[in-house]
Amino acid sequence: MSMQEFSDNLSTLSYMSRRRIPTWIYDPKNKTLFGRTCCSWILCILFYLVYYACLATFFTCLLWLVLYCNAPENQPARTGAQSLLDFKPGLGFRPLLDVQKSLIRYSADDAQTYLPYTQNMDAYLDTYNQVNAKPDSQFANCKGKEGETKDVDKVCKFPLEVLGPCNTANNYGYGKGTPCVLLKVNKVFGWMPSIERPSQSNDILVSCSGQNSADEENIGSLAYYPSKNFSGKQYGVFSSAYYPYLGQAGYLGPIVAVEFKSPKKSVTILVKCTISNVLNANKDELNFEIMVD
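In this note's numbering, each residue's number is its place in the sequence shown (first place is 1) plus 6.
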């Protein structure tokens, strides 16, 4: 094959290769790719980049505006009847090692069995110790006369001494077979207790008992700290002076300690606690079990 023939064949092959690409994909005559020139493609890409950037900026600003208007920093987005607690707080308790389990079981003769419970309560009360370490001038006067208005921007100091023998130095009574359980009212923004019988007490009352007759026999005597007696019955007291909670820095709700003074050993005791003397609270029973080996 001569050089001239080889050159002619190469030109023919090159022409056929170019013709295999449809002109709607690439048009060599007009130098367009998918019907657009290079300059047109650059302008198109720039347009969509600017368009989606503006769209993302608008969406971000709109989302920020919605969150800013509906969720102030010092209060939750949903309060009152719109809150998950329906503006009716209930009871909670400590120690609580597992939210799926409510059994408190240990041996009074084995410190390792009750150490997790005492540590759980230590951790819960540690915040109280930190807040109480502040100067008294930073706390509201919550011991004034009845009906006296307190500074709502300040919080009431909750002295842990009112919990009696239910303290860390005493291992909350667990080593003596007289365990303590700490009760609390779940915190709800803006909630103020509506007292049912103000002539009897202006505070929230709580009492615990066995869930059935057998538990009533096994539970033994109970003591509450702090407490009040009405009609020969002792109640734990959550002072109304600690309410309402309005997002104050350092706010800590009141606590009632329940001491089981003589629970029957090696028996699972079903316990129920209920709050009373308040109209706008969840009256459902707080249930847990306790067993001292």
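Hints listed in this document are in silico derivations from the structure and should not be mistaken for laboratory results. Do not take every clue at face value.
[To be verified] Only pairs whose alpha carbons sit at most 25 angstroms apart, straight line, appear in this in silico DMTMM-like list of lysine to aspartate or glutamate:
(1) K239 <-> E295
(2) K234 <-> D290
(3) K239 <-> E223
(4) K190 <-> D115
(5) K289 <-> D221
(6) K234 <-> E223
(7) K278 <-> D290
(8) K182 <-> D115
Only a predicted model underlies this, so the values are computations on that prediction, with no experimental measurement involved.
Each hint tested on the structure:
1. Distance hint between K239 and E295 is fulfilled; the C-alpha atoms sit about 23 angstroms from each other, no more than 25 angstroms.
2. With a C-alpha separation of about 22 angstroms, the suggested pairing of K234 with D290 holds against the 25 angstroms cut-off.
3. With a CA separation close to 17 angstroms, the supplied pair K239 and E223 stays within the 25 angstroms bound.
4. With a C-alpha separation of about 29 angstroms, the suggested pairing of K190 with D115 is violated against the 25 angstroms cut-off.
5. A hinted pair counts as satisfied when its Cα atoms are at most 25 angstroms apart, and K289 with D221 qualifies at roughly 21 angstroms.
6. With a C-alpha separation of about 23 angstroms, the suggested pair K234 and E223 falls inside the 25 angstroms cut-off, and the hint holds.
7. Under the criterion of a C-alpha separation no larger than 25 angstroms, the hint pairing K278 with D290 is consistent with the structure, at around 10 angstroms.
8. About 8 angstroms separates the Cα atoms of K182 and D115, which keeps this hinted pair within 25 angstroms; it holds.
Hint 4 from the list above is the single one not met by this structure.
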